[in-house]
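A.B. asks: Here is what each chain is made of, one letter per residue.
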Amino acid sequence: MTPLTDESLLVGMAVGDQDAAAAFVRRYQARVYGLALTVVAIPALAEEVAQESFVKAWQHAAAYDARRGRVATWLLTITRNAAIDAVRYRREVPLDPDVLTAKLVADQDPSAEPADRFATMDHIRGALRQLPLEQSRPVVLMTFYGLTAKDIAERDGLPVGTVKSRVRRGLGALRDRLGASDG
Amino acid sequence: MAESQACQETRELLPELAAGVAEGGARAVALAHLGRCLDCRRELSEITAVLDDLVLLAPEHEPSPGFETSVLNALAPARPGRRPLRATAFAAAAAVLVAALTGGLVGRQTSDDRQLARQYRDTLAVADGRYFVAADISTAVEPSTGHAFAYQGSPSWVFISVESASSSGTYQVQLITTDHRAIDIGLCGVTDGKGSWGTTIQVPIRDISRIQLVRAGAPTMSARFG
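In order, the protein sequence lines correspond to chains A and B. In terms of numbering that gives the first Met the number 0, the first sequence opens at residue 0 and continues consecutively. In terms of numbering that gives the first Met the number 0, the second sequence opens at residue 0 and continues consecutively.
There's no promise every hint is true.
What the hints assert, rightly or not - Below, a list of computed lysine to aspartate or glutamate pairs in the EDC-like style, where the Cα atoms sit at most 16 Å apart:
#	chain 1	residue 1	chain 2	residue 2
1	A	163	A	153
2	B	193	B	135
3	A	163	A	133
4	B	193	B	162
5	A	149	B	22
6	A	163	A	150
7	A	163	B	22
8	A	55	A	84
9	A	163	B	183
10	A	102	A	121
11	A	102	B	162
12	A	163	B	8
13	A	149	B	11
14	B	193	B	141
Simulated from the structure, these hints should not be mistaken for lab results.
Model the full structure from these sequences, guided by the hints.
C.D. replies: Written as structure tokens, this is what we have:
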């Protein structure tokens, strides 16, 4: 039997279908919890964040618009935001950004995910791996921990302008590398 | 010249906007600029796509065995209502854009704010080269009594926000097209000088010359788009 698409499950959720919600949770729980754990680094807190993310997805399923992007991106953005809120008021980020970057770019087992998804992920990993640490560090701090350029500048003892410049150069390089294969 | 300066200032902030962490007045100014500048919107869209890709790199982990049951129990009381999807989507899009441009997003953001800002970007992105425009509402003697917003998309819509009308009551809202046709599109109630209202429209935004609010005995309020 062909599994329902993500969009179909969201439509089901939008009208309050519990079965659709269960299938949706089952399909995405490892990715949602994985992202939450990556950001907050505490399993119990990560489960709270993951649960909150699914509740928000359930509540806002009717507002999802497929033209805006994939369901996975939408759901992981909700998760990322919830996780950032959970760590926002700590003085220190849960994990050194260089260590987190190393985890993000580490080689993965190709048999662990579908071939097309593995190829995409491997391409993103490769692009991030090529960034100098002075660029990947602020990009990771901003993306995964929600730090502003000013936050990062204070944390790393750098001028705000330097941080902004490094982030822009880093994202520009990533955009060029990732965009090069999209066409 | 002013536009390139605005572009430069906005582009400085694009990574933080894309990450949903930009703060304060600079963010409000940048969001307003994005409403007018296709090039900056395109760049924001590209940076956002990069950040979305990076988030995908977070490794998967299975939660504890009771997680699914726990989530489903939490969902039951949060069950969404059976609202019409189109109406919901329209209301969300209008509220997002109007809130963004009228300063409702200033200050340190919560995740809901970031979601709102993201929806703002995404809503604009939906237009994909089309546009969102805003104009002051004024009368012959008052320079600004509110704002009108028009969005070219699918569907296209207009949203009126009256903030300081000199006369309260129910106003007829009319589109005046560039070929001088007047089209009644609905009624906007104004109480104590304030009111807001929106609707989807069939007229392409580029064909709107102005939107006017008309009421007998009251000064006509008008927003010029042409």
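A.B. asks: Against this structure, judge whether each hint is valid.
C.D. replies: Tested hints:
1. A:163 <-> A:153: holds, 13 Å
2. B:193 <-> B:135: holds, 15 Å
3. A:163 <-> A:133: holds, 11 Å
4. B:193 <-> B:162: holds, 5 Å
5. A:149 <-> B:22: Between residue 149 of chain A and residue 22 of chain B the Cα gap is close to 10 Å, so the pair holds against 16 Å.
6. A:163 <-> A:150: Roughly 11 Å between the alpha carbons, so the hint for residue 163 of chain A and residue 150 of chain A holds.
7. A:163 <-> B:22: holds, 14 Å
8. A:55 <-> A:84: holds, 14 Å
9. A:163 <-> B:183: Since the Cα atoms of residue 163 of chain A and residue 183 of chain B sit roughly 49 Å apart, the hinted pair is violated (cutoff 16 Å).
10. A:102 <-> A:121: holds, 13 Å
11. A:102 <-> B:162: It is violated: about 51 Å lies between the C-alpha atoms, which goes past 16 Å.
12. A:163 <-> B:8: The hint holds at about 12 Å.
13. A:149 <-> B:11: holds, 13 Å
14. B:193 <-> B:141: Measuring from Cα to Cα gives roughly 15 Å; hence the hint holds.
The earlier numbered hints that this structure contradicts are 9, 11.
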